[in-house]
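Dock chain E against chain F, hints included.
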Amino acid sequence: MSLFWEHFFNHAFLQYAILAGLLASVACGVVGSFVVVRRMTYLAGAIAHCVLGGMGAARYLQRVQGVTWMTPFLGATFAAVVAALIISVVTFKGRQREDTVLSAVWAIGMATGISFITATPGYSEDLMSYLFGNILMVGASDLLHIAMLDAVVVALMFLFYDKFLVISFLPELARLRGVRVDVYHTALLVLTSLTVVILTQVVGLVMVIALLTLPAATAFQFAGRLWSAMIIAAGLCVLFTIGGIALSYGPELPVGATVIQLAGGVYLLVLFGKKVWRRLHQRAITNRSSNAAEQKI
Amino acid sequence: MTRTPETAAELSPEPSANARPVIEFEDVCFAYNREEVLHNISLSVPGQTLTAVVGPNGAGKSTFVKLTLGLLSPVRGRVRVFGDAPARVRRRIGYVPQHIQFDSDFPVSALDVVLMGRAEKHWIGPYRRTDRDKAEKALVQVQLQQLARRSFSSLSGGERQRVLIAQALVANPEILLLDEPTANVDTQVEHEIYELLHELNRQMTIVVVSHNLNVVTRHASHLICVNRVASLCRMTEMTEDRIHAFYRGDMAMLQHSADCQIFDPSNAMREPHHDVKGEDRS
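Protein chains in written order, with my numbering: chain F, 1 to 297; chain E, 1 to 282.
This is chain F alone, in the form it adopts within the complex (with noise of 0.2 angstroms):
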């Protein structure tokens, strides 16, 4: 921890990792709780795996054919927004199954990925920061481009919030008083597919689901209005992130990897704690009750 700190002021990078996690918790919180309380997780994870696809065949187009615009940021987003695309449609047009579409483009987009990853020279520490991420790494315009992708996504919810409300609620109601569920649910996956393009710099790909959905579901434990998890989770997020490069840094541990630890701790913790407390006030209500009996008599 104290390395830590002598080298955040020191360093470039540790300050622009810091930066890239404040950024990143902001969508976090916020698309997060929306994740959460529509059920979204494993639709989430259709969208995380083509984020591979679309970083795999960046590189490739980078390296082997020298395409030097298209960097794995710009392939993640633009694979990312397709299969939010896919998706919408396929579940609103195609009367299909949900979930056997989600695990279509789920696979389709890794497998994707894979063979423009294997095509690519270098391929194998490329793949390990796509999977697993690499916080570290991030660079001056890699943050850029995040902050620009968390500025489309805050302001799509705050414009649209009403409306992501009511649709996650009461969508059958909703589209009979004329409200445009399918425009909106679609945004909403739109939203969805940035947050986890910006999640996925910080903790990868394979853990991004827990990143979106651990600090909002900790926040549920307290909140009672979607915004006010929102708010919370957001929180959290930026205590899950920057402690998580905090701690790693000494030990050089993953840093992806002791985020989540450190989010999924906090959970486990929170889920307990409110059992115990829960008990225990219990016990309190029943003693007062029959001290009171007691008195009585």
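Hints are supplied without guarantee of correctness; some may be wrong.
Here are the computed distance ranges between Cβ atoms for each label pair [stated by the list, open to error]: (1) D99(F) <-> Q188(E): 38 to 46 angstroms; (2) A107(F) <-> Y32(E): 37 to 45 angstroms; (3) I100(E) <-> R278(F): 26 to 34 angstroms; (4) I100(E) <-> T68(F): 49 to 57 angstroms; (5) E98(F) <-> N172(E): 33 to 41 angstroms; (6) T100(F) <-> G83(E): 39 to 47 angstroms; (7) R149(E) <-> L280(F): 23 to 31 angstroms; (8) R128(E) <-> L280(F): 42 to 50 angstroms; (9) L269(F) <-> N172(E): 47 to 55 angstroms; (10) N172(E) <-> K274(F): 38 to 46 angstroms; (11) K137(E) <-> Q15(F): 51 to 59 angstroms.
Footprint (simulated), chain F over chain E, 3 or more residues, beta carbon under 8 angstroms [what the hints assert, rightly or not]: (12) 100-110; (13) 114-128.
None of these hints come from the bench; they were simulated from the model. Please read all numbers here as calculations on a predicted model, not as lab measurements. Beta carbons: idealized from backbone N, C-alpha and C, even for Gly.
Same frame as chain F, now just chain E:
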């Protein structure tokens, strides 16, 4: 506003006196896969009435509601609401469904749910001041203002129903269409909900599907009896015996009423389809 009407009939003026009918069915037939559910229905619901739709299970009450909302199109004949195709004027109908599917873990307050009724009133951005004012007013109307901040899933069945009525009200509907609003509540709450509908009837037409004849006869001004065939009549012309006869299928007794012709479905169903000019499926 302060005068309490003695009877339901007094509340709603004569259909002829009160301008145009708001819901019109012209020789409407509807079938789900060949199985005819509604046959040759012609009726018009006058504005400002409190009309109850009654009939035994499987008689086609819900189909009637769906046709009125334009969720289903008639196989024959046509449905008009405000003289227009139902789907085009659906925003002017405040629909309260019988069952809503919702996630009980979903963190929304009663006020949030009421506000959802105004979701399509603006294109972007959060709810405006006027939306919130309207939602709070609607909660006062359904007498739930003290529960505005409570979680929706913690409310009782009757309270949820009233929240959904408030949700329909914030969109300024001209017709309030309720499908069995009292299906899951006890008699006391049922009474309260009908009192509320009575109150709302001063401002809008109310069509309520019900299976409880006792409550309906006390509150409704008009009655639509549905049993594959259907007809509308004024409550004053409908004695309780007649309604019960309708339920029992004792059609002979009902046919004595000149204004309210309810045929024996078995005979009426055999009648040929009427020819309708300009058949409309929209």
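Verification of the hints:
| no. | hint | in the structure |
| --- | --- | --- |
| 1 | D99(F) <-> Q188(E): 38 to 46 angstroms | holds, 44 angstroms |
| 2 | A107(F) <-> Y32(E): 37 to 45 angstroms | holds, 39 angstroms |
| 3 | I100(E) <-> R278(F): 26 to 34 angstroms | holds, 30 angstroms |
| 4 | I100(E) <-> T68(F): 49 to 57 angstroms | holds, 54 angstroms |
| 5 | E98(F) <-> N172(E): 33 to 41 angstroms | holds, 36 angstroms |
| 6 | T100(F) <-> G83(E): 39 to 47 angstroms | holds, 46 angstroms |
| 7 | R149(E) <-> L280(F): 23 to 31 angstroms | holds, 27 angstroms |
| 8 | R128(E) <-> L280(F): 42 to 50 angstroms | holds, 45 angstroms |
| 9 | L269(F) <-> N172(E): 47 to 55 angstroms | holds, 49 angstroms |
| 10 | N172(E) <-> K274(F): 38 to 46 angstroms | holds, 43 angstroms |
| 11 | K137(E) <-> Q15(F): 51 to 59 angstroms | holds, 52 angstroms |
| 12 | 100-110 | holds (count 9) |
| 13 | 114-128 | holds (count 9) |
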